[in-house]
Every structure is written in structure tokens, then in C-alpha cells.
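Participant: The residues making up each chain are set out below.
There are 2 protein chains.
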Amino acid sequence: MKLRKSERIGAIVKVLSDNPNKIFTLGYFTEKFDTAKSTLSEDISVVKNVFEKLELGKVITISGASGGIKFIPMFTKNQAIAKIEEMCEKIVNPDRKLVGGFLYMNDIISSPDIAEAVGEIFASVIDYKDADYVVTIEAKGIPIAMMTAKAMNLPLIIVRKNAMITEGPSLAINYLSSTSGKIQSMNLPRRAIKQGSKVILVDDFMRAGGTLKGMEDLMREFDAKVLDRAVLIELECEKNASDYFSLMTLKDSKDDTQIEISKNFFERFK
Amino acid sequence: MKLRKSERIGAIVKVLSDNPNKIFTLGYFTEKFDTAKSTLSEDISVVKNVFEKLELGKVITISGASGGIKFIPMFTKNQAIAKIEEMCEKIVNPDRKLVGGFLYMNDIISSPDIAEAVGEIFASVIDYKDADYVVTIEAKGIPIAMMTAKAMNLPLIIVRKNAMITEGPSLAINYLSSTSGKIQSMNLPRRAIKQGSKVILVDDFMRAGGTLKGMEDLMREFDAKVLDRAVLIELECEKNASDYFSLMTLKDSKDDTQIEISKNFFERFK
Numbered sequence: 352m353k354l355r356k357s358e359r360i361g362a363i364v365k366v367l368s369d370n371p372n373k374i375f376t377l378g379y380f381t382e383k384f385d386t387a388k389s390t391l392s393e394d395i396s397v398v399k400n401v402f403e404k405l406e407l408g409k410v411i412t413i414s415g416a417s418g419g420i421k422f423i424p425m426f427t428k429n430q431a432i433a434k435i436e437e438m439c440e441k442i443v444n445p446d447r448k449l450v451g452g453f454l455y456m457n458d459i460i461s462s463p464d465i466a467e468a469v470g471e472i473f474a475s476v477i478d479y480k481d482a483d484y485v486v487t488i489e490a491k492g493i494p495i496a497m498m499t500a501k502a503m504n505l506p507l508i509i510v511r512k513n514a515m516i517t518e519g520p521s522l523a524i525n526y527l528s529s530t531s532g533k534i535q536s537m538n539l540p541r542r543a544i545k546q547g548s549k550v551i552l553v554d555d556f557m558r559a560g561g562t563l564k565g566m567e568d569l570m571r572e573f574d575a576k577v578l579d580r581a582v583l584i585e586l587e588c589e590k591n592a593s594d595y596f597s598l599m600t601l602k603d604s605k606d607d608t609q610i611e612i613s614k615n616f617f618e619r620f621k
Numbered sequence: 352m353k354l355r356k357s358e359r360i361g362a363i364v365k366v367l368s369d370n371p372n373k374i375f376t377l378g379y380f381t382e383k384f385d386t387a388k389s390t391l392s393e394d395i396s397v398v399k400n401v402f403e404k405l406e407l408g409k410v411i412t413i414s415g416a417s418g419g420i421k422f423i424p425m426f427t428k429n430q431a432i433a434k435i436e437e438m439c440e441k442i443v444n445p446d447r448k449l450v451g452g453f454l455y456m457n458d459i460i461s462s463p464d465i466a467e468a469v470g471e472i473f474a475s476v477i478d479y480k481d482a483d484y485v486v487t488i489e490a491k492g493i494p495i496a497m498m499t500a501k502a503m504n505l506p507l508i509i510v511r512k513n514a515m516i517t518e519g520p521s522l523a524i525n526y527l528s529s530t531s532g533k534i535q536s537m538n539l540p541r542r543a544i545k546q547g548s549k550v551i552l553v554d555d556f557m558r559a560g561g562t563l564k565g566m567e568d569l570m571r572e573f574d575a576k577v578l579d580r581a582v583l584i585e586l587e588c589e590k591n592a593s594d595y596f597s598l599m600t601l602k603d604s605k606d607d608t609q610i611e612i613s614k615n616f617f618e619r620f621k
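Read top to bottom, the protein sequences are chains A and B. Just so you know, we're using the working numbering here: the first sequence kicks off at 352 and counts up by one. Just so you know, we're using the working numbering here: the second sequence kicks off at 352 and counts up by one.
Be a bit skeptical, because a hint or two may be false.
Identical chains share a label here; the pair holds if one copy fits it or two copies do between them.
Listed next, the in silico DSBU-like pairs over lysine-lysine satisfying Cα-Cα at most 30 angstroms (straight line) [as the list claims (entries may be wrong)]:
id : residue 1 : residue 2
1  : LYS576    : LYS441
2  : LYS512    : LYS421
3  : LYS434    : LYS383
4  : LYS512    : LYS409
5  : LYS549    : LYS480
6  : LYS545    : LYS353
7  : LYS356    : LYS564
8  : LYS434    : LYS545
9  : LYS428    : LYS353
10 : LYS576    : LYS353
11 : LYS404    : LYS356
12 : LYS356    : LYS545
13 : LYS549    : LYS441
14 : LYS383    : LYS441
15 : LYS428    : LYS356
16 : LYS421    : LYS533
17 : LYS428    : LYS383
18 : LYS353    : LYS421
19 : LYS373    : LYS512
20 : LYS383    : LYS576
21 : LYS448    : LYS545
It is worth saying that the hints were derived from the structure and are not from the lab.
Make a model of the complete structure from these sequences and hints.
Facilitator: Here it is as C-alpha cells:
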């Protein structure tokens with residue numbers, strides 16, 4: 352297919368941007384566009400410029416036999432802060448208050464736009480180059496974990512709260528849920544994760560950290576190493592977990608609810 | 352910001368493609384690029400060409416006061432068939448067979464690439480112009496429903512199997528799950544869906560159709576109208592549901608497992 356220069360640029364942007372962290376060889380494009388390598392190299396430097404000037408992430412060249420170009424989604428610190436502040440504003444709304452100090456947030460955390468932004472912000476501050484999987488637990492964290500997996504170009508693993516007859520042999524652990532105050536179990540089919548894998552844990556909400564610790568224990572059963580732990584919103588309270596970060600911290604008192612960008616998120620940008 | 356023509360094209364493609372079904376006014380771009388309206392109009396016709404020539408979906412102009420341009424994700428019939436055949440090949444693998452005739456498919460249906468393709472294929476054959484929400488039930492259908500919601504630019508609603516203390520007053524119904532053979536319940540917070548809404552139902556797997564019927568009943572409690580029902584894989588067996596379509600039909604026998612593109616999907620393209 353013969354395309355004009357500006358059409359080739361548009362096509363390259365579409366392909367790269369639809370496939371974060373996937374490497375495309377130069378040959379893929381020269382063949383698709385029936386064009387010379389030198390022409391394509393010029394096109395690619397224009398594409399790199401577009402992403403850089405408009406701060407839309409990075410396009411990088413990987414050299415070597417399995418080399419090519421790929422797009423890395425990346426929020427700048429300022430873009431991330433602006434987006435998180437926008438979320439904070441939506442969340443701190445008196446209408447969202449429920450009995451027991453809970454806040455109704457389903458609409459926010461399962462909005463495709465917001466989930467995608469969260470996934471890309473996580474991908475901007477997590478070192479995932481050695482990771483094999485993104486792991487989350489059902490159900491409300493799945494949208495943001497899905498978008499994190501997409502941004503990182505990794506498979507998504509969903510830990511279940513109840514063993515399913517349709518998924519084969521599984522490994523299970525028990526954990527103390529700080530939301531319900533009860534011992535609960537979580538499990539995952541044996542075949543879901545290869546032994547010796549490296550994983551990133553993602554969850555939507557964190558109270559004391561019981562669920563996150565449960566996921567950590569479960570990963571140990573799979574002989575998998577947890578590289579990082581990302582949480583969307585944490586409640587300000589005593590924690591049983593460390594080495595995690597969150598985007599927002601919810602300060603809850605009887606009269607007033609406040610939410611702000613988490614300190615441990617800012618530390619990610621030092 | 353001053354950009355060259357080919358850079359503007361790249362930037363417009365990125366913005367549109369990241370935001371399916373969202374309208375951008377011409378003013379948004381003329382301001383962003385500090386360029387004349389006539390120049391931008393030429394840019395946009397190049398962008399439209401790129402999408403059309405490479406069959407990457409459609410970019411359309413909407414006239415009127417709230418007008419502008421938007422990108423509509425769209426698989427052609429051939430692209431959809433090729434993608435579904437690729438999925439069929441992955442699924443029909445003897446290693447996936449579990450006790451009870453079930454197939455292990457978690458890795459496939461929660462892969463970001465596949466979920467995104469499924470979402471865009473659903474968006475290509477469903478008329479969603481009047482829809483207010485995409486509705487699914489936890490947990491395994493969430494990735495494909497999320498990507499469907501993203502393609503359609505609609506909020507995603509996740510029906511729960513257990514009422515959550517953290518989500519406020521809810522409406523519940525009972526249904527007969529044909530997978531477990533048991534009466535189960537599903538519920539949704541009252542505030543999740545506005546009265547009089549129109550919804551698209553999405554699920555990953557369908558046996559007799561009990562779950563889909565349950566979701567339909569639940570929507571009735573919300574005074575919501577179901578416009579369409581999309582399923583990723585259905586089992587060939589007697590159904591309690593109609594007016595749905597699936598991408599794949601699984602034919603299960605003791606010795607042999609086959610999967611093929613569903614007849615009711617082909618009908619969508621007549």
C-alpha cells in the first residue's frame with residue numbers, strides 16, 4: 352500500500368499507540384507501506400518528536416536482532432498529579448458517603464477513562480521490565496488491573512475469592528480481610544502462574560493491608576516473586592503492609608472525609 | 352505549540368484513537384496546535400484517509416453546535432473472522448480440558464490484547480448509539496466488558512454475586528445458574544443505574560442462559576431496557592435465552608471438543 356508521508360506517520364502512531372510495549376521491527380512497517388528503510392527512519396523520528404513534544408509517552412528504538420521500535424505509555428509527574436487531583440475531587444463528594452464510613456466509588460473505578468489513566472500512571476512509576484504478570488483479586492480492582500496489564504503488555508491474573516469448578520486444580524490461602532473483619536480465602540488455579548515468575552500486585556482499595564498480604568502469601572505458594580504493589584486508594588490507618596504505594600489516601604473521620612495524593616506516590620518521582 | 356503537518360497528523364491520530372467515540376471540536380485542535388481552521392480541515396481529511404485505507408476504524412465529522420470529529424473503532428467482517436479464528440485455535444487445545452468437560456480459558460479471556468479485540472468486535476456489530484451503560488457480572492467477564500465499554504465510550508456496571516457492605520442499598524434477584532445447577536443471587540447498588548436507562552449486557556460464557564436471564568430480570572428491577580446481549584463463548588445446548596449473539600460456539604462431547612464461529616454472529620454482518 353502506497354501512502355503519503357503524513358499518512359504513514361498517522362498509521363505508525365496508531366499501530367504503536369494501540370500496542371504499548373510491543374516491539375515492531377522496521378521490516379514490519381517497510382513491508383506494510385512498501386517503502387525504503389531510509390524513508391521509514393525519517394518517519395520514525397517524526398513520530399518520536401510527536402510523542403515527546405506533546406508528552407504523550409515515549410517511542411524508543413531497541414537495537415539488535417530482536418530490535419525495532421516500541422511505544423511506552425508514560426505520564427509526567429505533572430500529568431499524573433493533575434489526573435489524580437481530578438479523581439480526588441470526584442471522590443470527595445458528600446453524596447458518596449455510605450453507612451460505616453464507606454464511600455461509593457464503583458462508578459469511578461470502573462470508568463474506562465479513569466481505569467486507563469490509573470493503569471498508565473502505575474506503568475509510569477513501576478519498574479516492570481522483568482515482570483511476567485499483573486495480579487489482582489476479584490472484582491472491583493479488575494478494571495484498573497486490566498488497564499495496568501495493557502499498559503505494561505503483560506498478562507492479567509485474577510485471584511478468586513471462591514474456588515471455581517470450571518478452572519481445575521487450585522492453590523488456596525486464608526487471610527484476614529480488614530474490611531469485613533473475617534477470615535476469608537483466596538485461590539488461583541495451579542496453571543495460572545508458572546513457577547519462578549515475577550509479578551506486580553494491583554488492588555483498588557487498601558485498609559490495613561490484609562488482602563495485599565494474602566496475595567503476597569498466595570504468590571509464595573506459586574514460588575513467584577512480588578516486584579511491586581500498587582493500590583489506587585488507601586485508608587489512613589495502621590498498616591500490616593509495607594513496600595507498597597497508593598495514588599490517593601483517604602482520611603476518614605465521622606464528620607469529614609478528605610482525600611489527597613499519597614505521600615508514598617510522590618516519593619516515586621524523586 | 353507549533354507543529355509540522357505530519358506531526359499534527361500524528362498527534363490527531365493519537366488523541367482520537369485513545370478516546371473512541373469521544374467528540375473533539377475543531378477548536379480543540381486549532382488551539383492546541385495554534386493553526387488555522389482551513390489547515391486543520393486538510394489535516395483531518397488526511398487522518399480520515401489513514402483510518403479508511405488501513406481499515407483501522409472510522410473517523411467521522413459531526414456537524415452542528417456540539418459537533419466535531421470522533422473515532423469509531425470498527426472491525427471489518429474479515430478482520431473479525433480472522434481474530435475469532437485465532438481465538439478458536441488457542442481455545443481448542445487438549446491441554447485445556449478439565450474434569451466435567453470444562454475448558455481452562457482464564458488466560459485467554461483476561462489477556463489485554465484479546466479482551467480489547469473482543470470489545471471492538473462487539474462495538475462493531477452492536478447498535479449502541481442510544482445505550483447508557485455496558486453491564487456485566489463479576490468476575491471473568493469484566494476484562495472483555497471493560498474493553499467493550501471503552502470502545503463504546505460508556506460507563507461499565509459490574510453486577511455482584513454477593514451484596515457488599517461497602518456499596519450501600521442494593522437490589523437483588525435470584526437466578527438458576529446452569530453451570531453450578533444452583534439457585535444463586537446477583538445484586539447491584541441502587542445508585543448504580545439511573546431509572547429508565549438503556550443497557551448492553553456482556554458476558555464471557557453462556558451455557559443455558561440462566562445468568563443472562565438473571566441480568567435481564569435485574570435490569571427490569573432498575574426499570575432499565577436491555578438493547579442487546581453479547582457473549583464471548585456459548586456452549587451448544589438447549590437455551591433459555593434468545594435475542595443474544597456470541598462470537599464462538601463450543602461443541603462439547605466426551606471424546607472431542609470443537610469450537611467455531613457462532614452462526615448468530617455471522618448473521619450480524621448480513
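Participant: Confirm or reject each hint.
Facilitator: Status of each hint after checking the structure:
no.	hint	in the structure
1	LYS576 / LYS441	between (35 angstroms within a copy, 28 angstroms between copies)
2	LYS512 / LYS421	neither (36 angstroms within a copy, 40 angstroms between copies)
3	LYS434 / LYS383	between (37 angstroms within a copy, 19 angstroms between copies)
4	LYS512 / LYS409	neither (38 angstroms within a copy, 41 angstroms between copies)
5	LYS549 / LYS480	within (10 angstroms within a copy, 42 angstroms between copies)
6	LYS545 / LYS353	neither (44 angstroms within a copy, 49 angstroms between copies)
7	LYS356 / LYS564	neither (52 angstroms within a copy, 52 angstroms between copies)
8	LYS434 / LYS545	between (35 angstroms within a copy, 26 angstroms between copies)
9	LYS428 / LYS353	between (40 angstroms within a copy, 23 angstroms between copies)
10	LYS576 / LYS353	neither (48 angstroms within a copy, 47 angstroms between copies)
11	LYS404 / LYS356	both (19 angstroms within a copy, 14 angstroms between copies)
12	LYS356 / LYS545	neither (45 angstroms within a copy, 48 angstroms between copies)
13	LYS549 / LYS441	between (34 angstroms within a copy, 24 angstroms between copies)
14	LYS383 / LYS441	between (44 angstroms within a copy, 26 angstroms between copies)
15	LYS428 / LYS356	between (33 angstroms within a copy, 29 angstroms between copies)
16	LYS421 / LYS533	neither (45 angstroms within a copy, 48 angstroms between copies)
17	LYS428 / LYS383	between (36 angstroms within a copy, 21 angstroms between copies)
18	LYS353 / LYS421	both (23 angstroms within a copy, 25 angstroms between copies)
19	LYS373 / LYS512	neither (32 angstroms within a copy, 36 angstroms between copies)
20	LYS383 / LYS576	neither (40 angstroms within a copy, 44 angstroms between copies)
21	LYS448 / LYS545	between (42 angstroms within a copy, 18 angstroms between copies)
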